[in-house]
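Visitor: First to last, the sequence lines map onto chains A and B.
With the first letter of the first sequence counted as 1, position 351 gets the number 351 in our numbering; the numbers rise by one all the way through.
With the first letter of the second sequence counted as 1, position 94 gets the number 94 in our numbering; the numbers rise by one all the way through.
Keep in mind that the hints were calculated from the coordinates and are not lab data.
Be a bit skeptical, because a hint or two may be false.
As the list claims (entries may be wrong) - With a cut-off of at most 20 Å between alpha-carbon atoms, the simulated SDA-like pairs for lysine to any residue come out as follows:
no.: 1; chain 1: B; residue 1: Lys294; chain 2: A; residue 2: Ala231
no.: 2; chain 1: B; residue 1: Lys294; chain 2: A; residue 2: Gln318
no.: 3; chain 1: B; residue 1: Lys294; chain 2: A; residue 2: Ile230
no.: 4; chain 1: B; residue 1: Lys294; chain 2: A; residue 2: Glu229
no.: 5; chain 1: B; residue 1: Lys294; chain 2: A; residue 2: Gly140
no.: 6; chain 1: B; residue 1: Lys118; chain 2: A; residue 2: Gln318
no.: 7; chain 1: B; residue 1: Lys294; chain 2: A; residue 2: Arg137
no.: 8; chain 1: B; residue 1: Lys294; chain 2: A; residue 2: Gln227
no.: 9; chain 1: B; residue 1: Lys294; chain 2: A; residue 2: Arg226
This structure is a prediction, so every number in the text was calculated from the model and none was measured.
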Amino acid sequence: MSTLIDKNTAAPSQDSGPSEGRRGPRIILRGSSTHRAIIAAGLAVAAIVVFWGGTLQPFEQGQLTRAAIFAIAILGLNFTTGYVGLLSVGHSAFLGLGAYTTGVLVVNYNQTALSTIPVAMAICFVVGLLVGIPALRIRGLYLAIVTLALGVAFPEIVARLGGLTGGAEGLTIRRTLLRPPEWSGFTLGEKDQWLYWLTIVCLVLAFVVLRNIIKGRYGMAMNAVRQNEIAAAASGVNIAAVKLFSFAVSGAITGLAGSLFAMYIGSLFAEGSFTVLAGITLLIGLVVGGERTMAGPIIGGLVVVFLPYYTSDIGGGQASAVLFAIVLIAVVFVAPDGIAGGIRRLVRRFVRVEAQRPAGAGQVLPSAPDAAPVARRGSED
Amino acid sequence: MDIFLTRLFAGMTAGSIYAMIALTLVIVFRSSATINFAQGEFALFTTYISWWLSERGWNIWVTLIPAVIIGFVLCAAAERFLVRPVRRRDEAAVLIVGLALFTGLNGLSGTIWGSDDKVYPRLVPVSIDSFLDIAGARLFYDSLFVMGALVVIVGGLSLLMSRTNLGLQMRAVATNQESAGLCGIKVGRVFMISWGLAGAIGAVAAAILVPILPPGQLGLPGMFHMLIFGTVAAILGGLDSIKGAVVGGLSLGVGLAMINGYGSALGGSISLTVALVVVVAVLGLRPSGLFGSKRLERV
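Kindly produce the complete structure, drawing on both the sequences and the hints.
Guide: Pasting the structure below:
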């Protein structure tokens, strides 16, 4: 270590001289051509990965579809647990509610699978609003028990409504009922292909919509509520509205994932797929991927699908759970803010993206980059 | 009347067990301000050890000694080496460590002892006529034993808290960690001992509950339900209150027994849902549980 410093201190201080000051991370201005090129390259890589996924064998593609579905569900969870800080261990209920809405509508009411997605999202939105009501008064771990109640109640209620949901025997959606629509050009045999692309489209849409909310005025309000409710209220944030809305949107997005999950899995068992353990899986995915990051849920979705798959490959049966636990703890120790957070920290050591200083503006407050778009939006209202 | 009493006794028995688990969660919460999701799995692991020793011909009561010691050491070690390094950084990280331990310990028990159910011997042998007749209702001796165990544990705990130096330190840390540290209390050591204590009580509670509560056998998935019941009880009572854990556990047990018994219109199949709705309603009125202390916030 000391030799390294000795070697380096002499050279750069002479090279860059006083004009550069210290050697920090390279700064890229937001909106500059370099910044745009990096974004374009990132999008291109994402597109290549997605198209590569489209050419995979059915099994691998199925796993990828599953990961994308979980990514959507975790995106929803991130919205309320990550940004607003309302801990939820019962998001499995939204996943299940979305799945059963699709399942029941397709099997009992002859709807096409695609048309059930908005219905599932709407129902989950309303349930999310209702669940959000206790959150107005109950906080922290006490709130977790409310969501735990939701997660525990869901399988019991499904079993209770056996006439509609098939109860304990489960609900099986026949494959022919999941026929891709005519206009898509996919045949019944290519159902898995169709579902893969449908899931990807839904993931991208959910990602873009949530990102825009989070980067905007509303996202600032969400962050404020998480950091300090009293201070947020004093600054004019309607805490009740933020909490209710975030729970509802979160529920709707996770419900979307549930709807896709029903199409993917075909047969629904509330006791198997939608217990509190599933809610805990989503939470693990969120924290390991990275709370309050946009890439986190996608990484989390990949982790919760592929990590158990590979660990069960190495150590068979029960040992895989031990291995899974060791990997989890290792991730927490190496990157406490999740994989996405860890990568972000690593990248920031070398490259930093900063907002352009508006020309002519005399004093720019540090908060200016975020405040500028908000001000613009505010004037539009 | 006798049916009511029978249900009351059944509820008290189950409630005593929920109260014991709630106690372990409360002890951990008072020091670390987190719910230890792995608490049930620690207890599962020690119960497997106790079962394994009893298979080797040990008396079941004697096997409790190593089980309690291992429970103490395991939990204390988990706090020292897994929880403490991350707790300064992030609350979510502690949660994930707990969940990882939950998965890992369950898998470890399964790897070592197999996933089939084991017959765990009863601490108090029961025969058909080993009960007290109270107004026509049967109060079995093992129910009495469970309630007695709760009384002993709570009594011991309150003595520890009120009469010993360690108890004073634990209360100080629960009230204010920084001030406690400034007074010369080794806060880290108190954390470790708190976790260990919870592990030890959990080991005893699991040994009592496994043969009594359905399915009556030692299996891998059993403890998760107990953890849920214990968490609900602890939160109902208030997460940082020992008294609350006992009241919460007993009222949850009795409440569930009554809903199951009388509320057939509500349906026995959703009794847990009904109980949870009641708990949520209680929390709506008292957001930090029945006996939990309110946290004041400085803006």
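Visitor: Hints first: check each against the structure and report whether it holds.
Guide: Hints versus structure:
1. B:Lys294 <-> A:Ala231: holds (19 Å)
2. B:Lys294 <-> A:Gln318: Between lysine 294 of chain B and glutamine 318 of chain A the Cα gap is close to 42 Å, so the pair fails against 20 Å, i.e. violated.
3. B:Lys294 <-> A:Ile230: holds (16 Å)
4. B:Lys294 <-> A:Glu229: Roughly 16 Å between the alpha carbons, so the hint for lysine 294 of chain B and glutamate 229 of chain A holds.
5. B:Lys294 <-> A:Gly140: Given pair lysine 294 of chain B, glycine 140 of chain A holds - Cα atoms ~12 Å apart, limit 20 Å.
6. B:Lys118 <-> A:Gln318: holds (16 Å)
7. B:Lys294 <-> A:Arg137: Roughly 13 Å between the alpha carbons, so the hint for lysine 294 of chain B and arginine 137 of chain A holds.
8. B:Lys294 <-> A:Gln227: Holds, at about 19 Å.
9. B:Lys294 <-> A:Arg226: With a Cα-Cα distance of about 19 Å, the restraint between lysine 294 of chain B and arginine 226 of chain A holds, given a limit of 20 Å.
Checked against the numbered hints above, the structure breaks only hint 2 and satisfies the rest.
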